[in-house]
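**Student:** Each chain is listed here by its residues.
Number of protein chains: 2
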Amino acid sequence: MIAVDAMGGDLAPYAVVQGALHAARSGIPITLFGDKAILESLLDKFDAQWRKVPIALEHCAEIIDMHDVPTKSVIKKKNASLVRAVQAVADGNAQAVVSAGNSGAVLVAGTLLIGRASGISRPCVGGFLPTSTGNVFCLDLGANVDCKPEHLEQFAIMGHVYVHLTKGIQKPRVALLANGHEPYKGPALVKEVYQRLSEQKVIDFIGNIEAREIFKGETDVVVTDGFAGNVLLKSIQGASRMLIDILRAETQKLSWWRRMLSLLNISAIKKIKHSTDYARTGGALLLGLRQPVVVAHGCSHAGAIEQAIRFAHRVAEQQFITQFNAEVLSCLKKQHTGGFVSQKVRSVFKWMQQ
Amino acid sequence: MIAVDAMGGDLAPYAVVQGALHAARSGIPITLFGDKAILESLLDKFDAQWRKVPIALEHCAEIIDMHDVPTKSVIKKKNASLVRAVQAVADGNAQAVVSAGNSGAVLVAGTLLIGRASGISRPCVGGFLPTSTGNVFCLDLGANVDCKPEHLEQFAIMGHVYVHLTKGIQKPRVALLANGHEPYKGPALVKEVYQRLSEQKVIDFIGNIEAREIFKGETDVVVTDGFAGNVLLKSIQGASRMLIDILRAETQKLSWWRRMLSLLNISAIKKIKHSTDYARTGGALLLGLRQPVVVAHGCSHAGAIEQAIRFAHRVAEQQFITQFNAEVLSCLKKQHTGGFVSQKVRSVFKWMQQ
Numbered sequence: 043m044i045a046v047d048a049m050g051g052d053l054a055p056y057a058v059v060q061g062a063l064h065a066a067r068s069g070i071p072i073t074l075f076g077d078k079a080i081l082e083s084l085l086d087k088f089d090a091q092w093r094k095v096p097i098a099l100e101h102c103a104e105i106i107d108m109h110d111v112p113t114k115s116v117i118k119k120k121n122a123s124l125v126r127a128v129q130a131v132a133d134g135n136a137q138a139v140v141s142a143g144n145s146g147a148v149l150v151a152g153t154l155l156i157g158r159a160s161g162i163s164r165p166c167v168g169g170f171l172p173t174s175t176g177n178v179f180c181l182d183l184g185a186n187v188d189c190k191p192e193h194l195e196q197f198a199i200m201g202h203v204y205v206h207l208t209k210g211i212q213k214p215r216v217a218l219l220a221n222g223h224e225p226y227k228g229p230a231l232v233k234e235v236y237q238r239l240s241e242q243k244v245i246d247f248i249g250n251i252e253a254r255e256i257f258k259g260e261t262d263v264v265v266t267d268g269f270a271g272n273v274l275l276k277s278i279q280g281a282s283r284m285l286i287d288i289l290r291a292e293t294q295k296l297s298w299w300r301r302m303l304s305l306l307n308i309s310a311i312k313k314i315k316h317s318t319d320y321a322r323t324g325g326a327l328l329l330g331l332r333q334p335v336v337v338a339h340g341c342s343h344a345g346a347i348e349q350a351i352r353f354a355h356r357v358a359e360q361q362f363i364t365q366f367n368a369e370v371l372s373c374l375k376k377q378h379t380g381g382f383v384s385q386k387v388r389s390v391f392k393w394m395q396q
Numbered sequence: 043m044i045a046v047d048a049m050g051g052d053l054a055p056y057a058v059v060q061g062a063l064h065a066a067r068s069g070i071p072i073t074l075f076g077d078k079a080i081l082e083s084l085l086d087k088f089d090a091q092w093r094k095v096p097i098a099l100e101h102c103a104e105i106i107d108m109h110d111v112p113t114k115s116v117i118k119k120k121n122a123s124l125v126r127a128v129q130a131v132a133d134g135n136a137q138a139v140v141s142a143g144n145s146g147a148v149l150v151a152g153t154l155l156i157g158r159a160s161g162i163s164r165p166c167v168g169g170f171l172p173t174s175t176g177n178v179f180c181l182d183l184g185a186n187v188d189c190k191p192e193h194l195e196q197f198a199i200m201g202h203v204y205v206h207l208t209k210g211i212q213k214p215r216v217a218l219l220a221n222g223h224e225p226y227k228g229p230a231l232v233k234e235v236y237q238r239l240s241e242q243k244v245i246d247f248i249g250n251i252e253a254r255e256i257f258k259g260e261t262d263v264v265v266t267d268g269f270a271g272n273v274l275l276k277s278i279q280g281a282s283r284m285l286i287d288i289l290r291a292e293t294q295k296l297s298w299w300r301r302m303l304s305l306l307n308i309s310a311i312k313k314i315k316h317s318t319d320y321a322r323t324g325g326a327l328l329l330g331l332r333q334p335v336v337v338a339h340g341c342s343h344a345g346a347i348e349q350a351i352r353f354a355h356r357v358a359e360q361q362f363i364t365q366f367n368a369e370v371l372s373c374l375k376k377q378h379t380g381g382f383v384s385q386k387v388r389s390v391f392k393w394m395q396q
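Chains H and U supply the protein sequences, listed in that same order.
According to the numbering used here, the first sequence is numbered sequentially starting from 43.
According to the numbering used here, the second sequence is numbered sequentially starting from 43.
Isolated chain H, as found in the complex (with noise of 0.2 Å):
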C-alpha cells in the first residue's frame, strides 16, 4: 500500500489523482489522503470505474500548503493529508508515502512521525544530476539549509552507500561541493569538512570540486548543504530551459524547409530534456529516515506523479530502505577505522539509478 498525499502540489489534487489512478491501475494499491468528496468527484470525472482499481480515499479536513512553515503546520495541522499520509507509513499502514506538497513539511513529518535511521542526525534529499559521462549522485538537494558538519560528513556516508547499492560501485568517488579545488577554499563549514572527510576511512574522499567540474562526470557523489544544492539543482534546470528555448528560437527562424531537415534539434531537444527531466524520475527518496517517503516536485503534472508512486513501490517492495539504512550504520561505526562494509551489491538495485 502506497500512501499519497492528495492535496500537495502545484497541481494537486487535479494531476495527483490522475497520476495514482494510473499507477492504481497498473496493480499498486493506493490510499489518496485528501477532501474525499472532491477525490471522489475527479475520479468519477477520470473513469466511471474507478472502484475496481486498488484505490483507498482517507479523508483528511486540512491542508498544508507551500506558504505554511513546515515545523509549525506539521505540529497544529495533525489532520492534514501530507501528515496523515506520513502517518499511515509510521503505522504500518502503508508501506511508502508519496507527496508533492511542501517538501519541508515532509521532511518535518518524515523525521517526527517515522523517525530518524540510526546514527542520522538530518535527514535530507538526495538525487541523480545529469553529466557528459552518466550521472551523478549529489545529496542534500534542498532540506537542510544551515549544516553542520557531522551532517555533511553524514551526507557523505549516505551517498557513497546510496552509490554503491545502485550502481554497484565498490569505491564510489566522493567530492565536496566548494569554489576550487584547495583545501582551503570555501566557507568554514566546507572547510571543516574537508579535514573530516580527508580522515574518512570508510568512503573514497578525492576533495573538493567546483560546480562547473561536477558535469564532466568526475566523481560518483557530491557532497553539499541543502542551500548550495538546491542552486546547483536549479540552475542546471533554469539553464538547460533556456538552452532549449534559444535552440527552439533559432530553429523558428529557419526556412519552413531547413526546418524539416532539422529533424536533428528534436533529437537533441529530447536528449538535453531527457537529461535534465525532473518529471521522468518522479521523485526522490529522503534518505536517512525508518520507512520510504518519496518526495514529489512542487510542479508535478499526472505522469510524474505515476512515475514518483512507482519508484516508491518498488522501493518499498525491495525494502532497499532497510538495506540502505543498514549499510549506512555500519559504515557509520567502521568510518574511522577503515575498511569495506557490503562487499556483495544487490543489483536488484540497479534501476534505481535514473
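Just to be clear, a hint being listed does not mean it is correct.
Any copy will do: because identical chains look the same in the list, a pair fits if it lies in one copy or spans two.
Claimed, not checked - Below, a list of computed lysine-lysine pairs in the DSBU-like style, where the Cα atoms sit at most 30 Å apart:
1) K190 - K233
2) K114 - K190
3) K233 - K119
4) K233 - K118
5) K233 - K78
Keep in mind the hints are simulated off the structure, nothing from the lab.
Given chain H's structure and the hints, the job is docking chain U onto it.
**Tutor:** Here is chain U on its own, set in the frame of chain H:
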C-alpha cells in the same frame, strides 16, 4: 596605464603576454609585472617590433599561484607580480589592474593596498548572467564565502547602483537568492537579509528568487553570498558546456548531407556559447574598492585577457569607479530614509552591460 599581472592564470605568462600585446597595439599603455627575462623572450617571439607598442616591463621575482592561501601570500610575497601590479594602482602609477591569478589574493591585495570604498565592509565580484530575455546582474560571484547580513545588504545596494548606471534602469528590481519564494526559506543568513532588505527604502526589493527563476528575466539584480553565487555561476557554465556537447554529439550522428544542412546547430551553438561565454567580457570588476581592479578568469586565453584589459582601460578612462562609489555611499546614507539618489544616468556606461 593598465597594470597587468603577467604571471597570474592557468595559461600565464604565455596567454597574458599575447593578450596584452594585442591590447597595447590598439594604443592602450600597459605595464606587465613578472619575470622580465621570460616576458621579454615571449614578446620577442610574438613580435620582434614589440618595443614600438606601449608596453613596459616591471621585474617581479615572486609568483602567487592558485595553491597559495590568499591573505598569507599577499602579506609575505611583497615582490609577487600580483601584489606589485595592485600596488602600482595604489601608488597612482596605473589607473587599473588586471589579473587572471588567484582571485582571492587579488581581492586581499586590492583591499589591503588600494583600500575599500567608503561605507563598504566587503568588496565583492559582480557579473551579468544570461537570461531568456537578456541578462541579470549577480553578486557576489565568489569573493566572500562567509558573509554577514550587513555584507549582503551592501551587495544589494552595489547591485542596484551598478545596474542603474550601466543599464539606465531607474529602479532595478533586486531579488535575494533562496530555495523558495517564501520569506521563511533559506539559511539563517538569507532569512535575516530578507528582513533587512524588506526594510530598505533605497532599493526595489522584490523578495526571494529560486535559482531556476533567475533565467526567466524576472529580476535585474540577484544578491547572494560568494559561495552560492559561485555555485550558480559555475553550474551555468558547466551545464551549458554539457548541453553543447550533447548537441555536437547529436550532430555527429547525422549523415554528412544532413549535417551540412544543419547549419542551424552552428548558429544555435554559437548563440548558446555567446550567452554563457565568460571569456567574451574578459573579466569582472571588483566592486567596493577605491580603484578599478579586474579579475579575469583563471583559464583566460589571450583573447579573454585582451578583453579584460580593454574593459579595465575603459572603466578607468570613464572614471566609472569614482561615480559608482559616490552613488553607493549616497545610497548607504539614505537607505533607511528613502529616496532615489542620482536620477541622471550617464549613458556612457551602457557599454558595460555585456
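**Student:** Flag every earlier hint the structure violates by its number, smallest first.
**Tutor:** 5
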